[in-house]
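Asks: Chains Y and A, in that order, are what the protein sequence lines are. Position one of the first sequence corresponds to residue 1 (this note's numbering), numbered consecutively onward. Position one of the second sequence corresponds to residue 1 (this note's numbering), numbered consecutively onward.
I should point out that these hints are in silico values taken from the structure, not numbers from a laboratory. One thing to keep in mind: the hints can contain errors.
[Unchecked claim] Here are the computed lysine to aspartate or glutamate pairs in the EDC-like style, where the Cα-Cα straight-line distance is at most 20 angstroms:
hint, chain 1, residue 1, chain 2, residue 2
1, Y, K55, A, E101
2, Y, K54, A, E54
3, A, K13, A, E51
4, Y, K54, Y, E67
5, A, K30, A, D62
6, A, K30, A, E53
7, Y, K53, A, D62
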Amino acid sequence: KNEVEQSPQNLTAQEGEFITINCSYSVGISALHWLQQHPGGGIVSLFMLSSGKKKHGRLIATINIQEKHSSLHITASHPRDSAVYICALRGYGNKLVFGAGTILRVKS
Amino acid sequence: DAGVTQSPTHLIKTRGQHVTLRCSPISGHKSVSWYQQVLGQGPQFIFQYYEKEERGRGNFPDRFSARQFPNYSSELNVNALLLGDSALYLCASSLAVEVGEAFFGQGTRLTVV
Chain Y
1 KNEVEQSPQN LTAQEGEFIT INCSYSVGIS ALHWLQQHPG GGIVSLFMLS
51 SGKKKHGRLI ATINIQEKHS SLHITASHPR DSAVYICALR GYGNKLVFGA
101 GTILRVKS
Chain A
1 DAGVTQSPTH LIKTRGQHVT LRCSPISGHK SVSWYQQVLG QGPQFIFQYY
51 EKEERGRGNF PDRFSARQFP NYSSELNVNA LLLGDSALYL CASSLAVEVG
101 EAFFGQGTRL TVV
């Protein structure tokens, strides 16, 4: 069983829709990252969470440590949000353990 | 202020050759980590270096090695390349070993033919 599972694997939305991407994990963590990867490979760190909720613009990330679950929400989605969204765990060592990613396509 | 820079951006090698990939961390960052991302999968941890010492190693064969220089830049070396080594190699820098936020480079796309 993978330490981190993301759902859905693929998501197509219409512009303006509210989007939720989920991440469940099975190990203890010190923090959870949400990352965005555009075609060509570059990865941008969106959030790092160890508890609660964070908001940046149209993006909101939440984490429930007891349930070992995190969600990334995008409000008023836009075609430029199309990317791969990756959940990554930071354990009590230093490496990041990545989920397989959610491919998001927002159509205009 | 420059972010994490990796070179080269793309590379084509033949099976059996070796390759050296380079990473310059953000100024002031002392930790560099390397990840391999095979097409369609999430990145996998290869190495972490901090203050020129290896601080973590993932489940990769000994053909993979790395080092960190006094200026905190890093090299990833892969010997005896296999077709399966074709991947995007990502470098991430962070301030210290445990401190949270990691900043990623654009990656080096290696194709082994």
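Asks: State for each hint whether it applies.
Replies: Now for the hints, and whether the structure bears them out:
1. The hinted pair formed by K55/Y and E101/A meets the criterion: a straight-line CA distance of about 16 angstroms does not exceed 20 angstroms.
2. Distance hint between K54/Y and E54/A is unfulfilled; the C-alpha atoms sit about 33 angstroms from each other, more than 20 angstroms.
3. Straight-line distance between C-alpha atoms of K13/A and E51/A comes to about 31 angstroms, which puts the hinted pair past the 20 angstroms bound.
4. For the suggested pair K54/Y and E67/Y, the alpha carbons sit about 18 angstroms apart, so the restraint of at most 20 angstroms is met.
5. A threshold of 20 angstroms between alpha carbons decides the hint, and for K30/A with D62/A the separation of about 24 angstroms lies outside it, so the pair is violated.
6. For the hint pairing K30/A with E53/A, the CA-to-CA distance comes to about 10 angstroms; that is within 20 angstroms, so the pair holds.
7. Between the alpha carbons of K53/Y and D62/A the distance comes to roughly 41 angstroms, so the proposed pair goes past 20 angstroms and is violated.
Figure legend: structure checked against the earlier numbered hints; hints not met, in rising order: 2, 3, 5, 7.
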